[in-house]
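Novice: These protein sequences, in sequence, are chains A, B, C and D.
Once you know that position 175 of the first sequence is 168 in my numbering, the rest is easy, because the numbers rise by one and skip nothing.
Once you know that position 260 of the second sequence is 253 in my numbering, the rest is easy, because the numbers rise by one and skip nothing.
Once you know that position 313 of the third sequence is 306 in my numbering, the rest is easy, because the numbers rise by one and skip nothing.
Once you know that position 268 of the fourth sequence is 261 in my numbering, the rest is easy, because the numbers rise by one and skip nothing.
Honestly, the hints are just simulated from the structure, not real lab data.
Certain hints may be false.
Identical copies look the same in the list; a pair holds intra-copy or inter-copy alike.
[As the list claims (entries may be wrong)] Result set (DSBU-like, lysine-lysine): computed pairs, CA atoms no more than 30 Å apart in a straight line: (1) K111 - K188; (2) K111 - K306; (3) K296 - K306; (4) K111 - K36; (5) K112 - K296; (6) K39 - K188; (7) K101 - K306; (8) K213 - K296; (9) K324 - K188; (10) K11 - K188.
Protein chains: 4
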Amino acid sequence: MLSFESDYNTGAHPAVLKRLAETNAEPLPGYGADPYCERAKEKIRKACGCPEAEVEFLVGGTQANAVVISTMLRDFEGVIAARTGHINGHEAGAVEYTGHKVLEVPHKDGKIEAAVLKKFLADYYADLNHEHMVFPGMVYISYPTEYGTIYTREELTALSDICRAYRIPLFLDGARLGYGLMSSACDLELADIAKLTDVFYIGGTKVGALCGEAVVFTKKNRPCHFMTSVKKRGALLAKGRLLGVQFDALFTDGLYFEISRHAIEMAEEMAAIFREAKLPFYLNSPTNQQFIILENDQMERLKKQVRFGFWEKYDESHTVVRFATGWSTTKGDIEALRELLKECQ
Amino acid sequence: MLSFESDYNTGAHPAVLKRLAETNAEPLPGYGADPYCERAKEKIRKACGCPEAEVEFLVGGTQANAVVISTMLRDFEGVIAARTGHINGHEAGAVEYTGHKVLEVPHKDGKIEAAVLKKFLADYYADLNHEHMVFPGMVYISYPTEYGTIYTREELTALSDICRAYRIPLFLDGARLGYGLMSSACDLELADIAKLTDVFYIGGTKVGALCGEAVVFTKKNRPCHFMTSVKKRGALLAKGRLLGVQFDALFTDGLYFEISRHAIEMAEEMAAIFREAKLPFYLNSPTNQQFIILENDQMERLKKQVRFGFWEKYDESHTVVRFATGWSTTKGDIEALRELLKECQ
Amino acid sequence: MLSFESDYNTGAHPAVLKRLAETNAEPLPGYGADPYCERAKEKIRKACGCPEAEVEFLVGGTQANAVVISTMLRDFEGVIAARTGHINGHEAGAVEYTGHKVLEVPHKDGKIEAAVLKKFLADYYADLNHEHMVFPGMVYISYPTEYGTIYTREELTALSDICRAYRIPLFLDGARLGYGLMSSACDLELADIAKLTDVFYIGGTKVGALCGEAVVFTKKNRPCHFMTSVKKRGALLAKGRLLGVQFDALFTDGLYFEISRHAIEMAEEMAAIFREAKLPFYLNSPTNQQFIILENDQMERLKKQVRFGFWEKYDESHTVVRFATGWSTTKGDIEALRELLKECQ
Amino acid sequence: MLSFESDYNTGAHPAVLKRLAETNAEPLPGYGADPYCERAKEKIRKACGCPEAEVEFLVGGTQANAVVISTMLRDFEGVIAARTGHINGHEAGAVEYTGHKVLEVPHKDGKIEAAVLKKFLADYYADLNHEHMVFPGMVYISYPTEYGTIYTREELTALSDICRAYRIPLFLDGARLGYGLMSSACDLELADIAKLTDVFYIGGTKVGALCGEAVVFTKKNRPCHFMTSVKKRGALLAKGRLLGVQFDALFTDGLYFEISRHAIEMAEEMAAIFREAKLPFYLNSPTNQQFIILENDQMERLKKQVRFGFWEKYDESHTVVRFATGWSTTKGDIEALRELLKECQ
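Based on the sequences and whatever the hints tell you, model everything.
Specialist: What follows is the structure in structure tokens.
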């Protein structure tokens, strides 16, 4: 069945899988001490234009968020996130499990606005009782956001400036980073992300890998004895090569960006089909996830022939649904979707 | 270079990798809801002779230990382990990170003796102040142990009986389970393990997979909403297929046992070579890890031509080292080792 | 200087202190096993009209909240609270420190409305991805709330009904319980609180004790081996008598209610003075805390002669301040305040 | 009934209680911001000969241990303690609850020997896999120990030197500090403790207070925003005066030392009586706790007329019991014990 359910519904990009097979028989040291990890790190440092970056591989997104946040926060601190931030609503309380609070702020289309952040911090420090409250110790954003939206250079710079003024790190969850950077709406490059944030990760799971996220500490700020902290959280892979080889492949000849660009193109064509079919958009997403509003009947009919994601109830008779593209989405899939939509009108 | 460094120094068994490639393009639901996970679970239930078993896949051993222990213990309980137990010394405090104490007991060749366990529990409940102490809420053993030794049926039955008498679960860490079951010294079958323990896991990482451990709850005792608890610990894989496909392959046509048997055969040949070379054994391991004592000079010479594991200092002039076999160890490797040992005498 | 800063700014009610002195020399068992603790528990059970209640003493409010919530929640659950709930904003993340999320809902004058709670729970279970989210496992309310407001019998019954429908406990933080029960606006009795909630605590610290909160589990639902869990959280007092003797005194001859009634009377007189002085109320509090809006100049003048609490900025030129009464507030204090307000007009 | 059950079986020393009564009506700021706390801190700094010491009050011993250890350790570190250390066996896993491991080392009469510590640290860093293990991040000792024994100046200096060489703090649990310092066997002064350790606490609960431990950070090493961390652990007292007033009293005119000296004198007389009665000592304790071995029959007879502590089974027919003295032990009590022992021979 046609599937736009998610960007992690197929395996790895063939080039990634090929490298896993080619290197499979080599005996290598475990726990990330193999040359593929080292090579991948070097390529990522280059791609980030940040030679001093410290790169670490983790298995998944929720894990990366929890590990990064809990090792960077101090005991008395929490992390600021948009109410809709992934860590706030969809990670089963993984940050709180580490003993730290997520400090909710309002969002706009999934983004934290600079003015909102500024006010939150100012109010916090103006409160005479703030020592009884969780200190704001980090700002978490995602790029693209859960709504598929992206920060402009101006917006990201503004957040970055505020974080620096308060001396707290800005952490960017890049589970879908490629899809943000390759969006036509994007006015940022990877090097800008590295410059404006203090730590971020380059998502592999949703951009062509079987698993894996590359965490990049950009300010010589990797927590001390990070590997031990990773192990302590059950997040250290014995066969670290699984991550090293994949990221080495993704950052060879620009594959990561190529995969991302492809998915964006497919998403743009898909969006065109939705417009053509006069299906209303829930919001304007410039990335690989498109959110549309379907009549419930229409949704039920469609469901029988194509897989997509349920997002949320819109009203009694309508539902917001999500269609995602990825490395494996083909022109054929898009065409098939066009046909389907015609039938299901 | 010749490598007997560990049983996780090469990638996946070719048959496992092949299945990953064959299924790679199929769009599948995430988070373990795919048919390969289901199929693998069914095969594991059969292999365990335990149709009611609840099987869950996790990524690695330390993670499996921490997740199982912390979701099964009650607030006021800790887990009993041998002083040499992996969770006690070599997991960076992952159990304690979940808020639970590891209660150390003495070991013999890495094993907990029934008499020792019995006394520990009796003494605990005899202490009038025991409510100020951590309750013993689970027993953790590994099979094979960190020293490559295995429990006999009699020994495991004795531990199992004590646990039942005290109504606490017996948890068996089977990171290298296959190597125990295929050992010539083994008088147990997988179905016995399932019967005698309350929960155990079948290690994939060290027995032919890229990653993955299959946790088996054998007494309808899987913790409620386990998936949410797994997510909360950052241990839920988006592309759960990576685990499902691998375990499906490992439990098709007995591959898991075949891999294990092969490694045992290689280890037995290796042991014969060590005996031939008159190298003293540190202890008698019937599994895929062989521990020998080398003179430091000899060790330095060998190191230049073969990779092996440092285990511990024996005395001022000797060191205990570990040689491990796995799916990828060949007869040629063993022969090469024989030649090397001759040279390095 | 005149002080209406808080209801914990003086020591213990003289009758409480007297009992501490009278019993001081008696040798007694530690950790709450003394007869005063037992006697106090029995009196509290009677006062609650709940003979099967299980009563436990803890030292302070944040501690009581964290201990109760973390021992009653299951691993995958969090606690619902109003955004303004004390656990959400003013306890330095003590609940999150135990590994559980506080699930914020909107409030009205510090209270959770039944309709809001109902919708939150219904939406949660309607979400197809809810297993990736923190399960709502308890509802936390305070009585009186942080704004000094109280739930009516109807409101509390509605919350209680919803909790029962979802089989989650309703937990009432009664740090200032007496001031709620003795309010003229109150249409509930202590026995109603015991009936409608699953667990609550009777605040001592703010109602005449030096320290101490009496947690009441009303449905035979005290967590197993609670004492060990309390010890594990560093919350077990060696000289448990300190709590037992104080609560024994507070629940002898209705002292707890007498203290509370006195503070309410003082608060009512204070409110009359504020009305007389035409000082606008921030909200209508029927309990021992009164919130008024002062011009900043006026506030500065007043500050020199009377202590009160800063609550929050109202606008550029006004501030919300809090005046609290307690066991030690006298008619003389109220008169002095009247005079002061006249001068400071 | 005659009671030597513990040193916390009676209330506060009368002079302490008197000060609580005298200051009871004064309106004071909460959370430790009152002048009595400040005054007590100043007196403690003086008594410690350490003007730069940072003093913080906590409620109890287990709490103090957990708060200090968890705020001073880094994420990847654990705390070294003797197997018999209070944190290791008798605090219900309070340290592990904070996510940190207690690293057991062997003891001699409850003390950690310098050679043992040295070897433990050297072995740890010699292990090539030590990054997979918990880093030793602090050394915990108690003074007196759980066995009533005390470190000599030489012994404590040796431990201190090792800690400094490894740059890890030495933490001394002084729940019974006074009884150590006032022992005839003691060759240390409070100022030496302050100098040789990095943090320690002066126990109040067991030395004349109703509750309270004064934590002393001696090297300008109080964790940042300590008050917030204390609150986060539910350990912040609203009426902080309760601790401030008591410690102010204890450190006025040397009361703390006077109480301790008195208990030591009583213990010495008690020991003489035991010798006279030819009761064998379990070990030689120079402090306020005496451990003797009783025949089980004799113990049963004694139990009817005097309360003492059960320590541990000695053999089938003998038991180790503990007799403790405190501020409230009188010469009359000692005489009564002498008579009793004569009768019970």
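Novice: None of the hints should be skipped; say for each whether it holds.
Specialist: Hints, verified against the model:
| no. | hint | result |
| --- | --- | --- |
| 1 | K111 - K188 | within (20 Å within a copy, 45 Å between copies) |
| 2 | K111 - K306 | between (32 Å within a copy, 16 Å between copies) |
| 3 | K296 - K306 | within (16 Å within a copy, 52 Å between copies) |
| 4 | K111 - K36 | neither (36 Å within a copy, 43 Å between copies) |
| 5 | K112 - K296 | between (44 Å within a copy, 27 Å between copies) |
| 6 | K39 - K188 | within (13 Å within a copy, 50 Å between copies) |
| 7 | K101 - K306 | both (19 Å within a copy, 25 Å between copies) |
| 8 | K213 - K296 | neither (49 Å within a copy, 35 Å between copies) |
| 9 | K324 - K188 | neither (36 Å within a copy, 52 Å between copies) |
| 10 | K11 - K188 | neither (33 Å within a copy, 41 Å between copies) |
Of the hints listed earlier, those the structure fails to meet are numbers 4, 8, 9, 10, in rising order.
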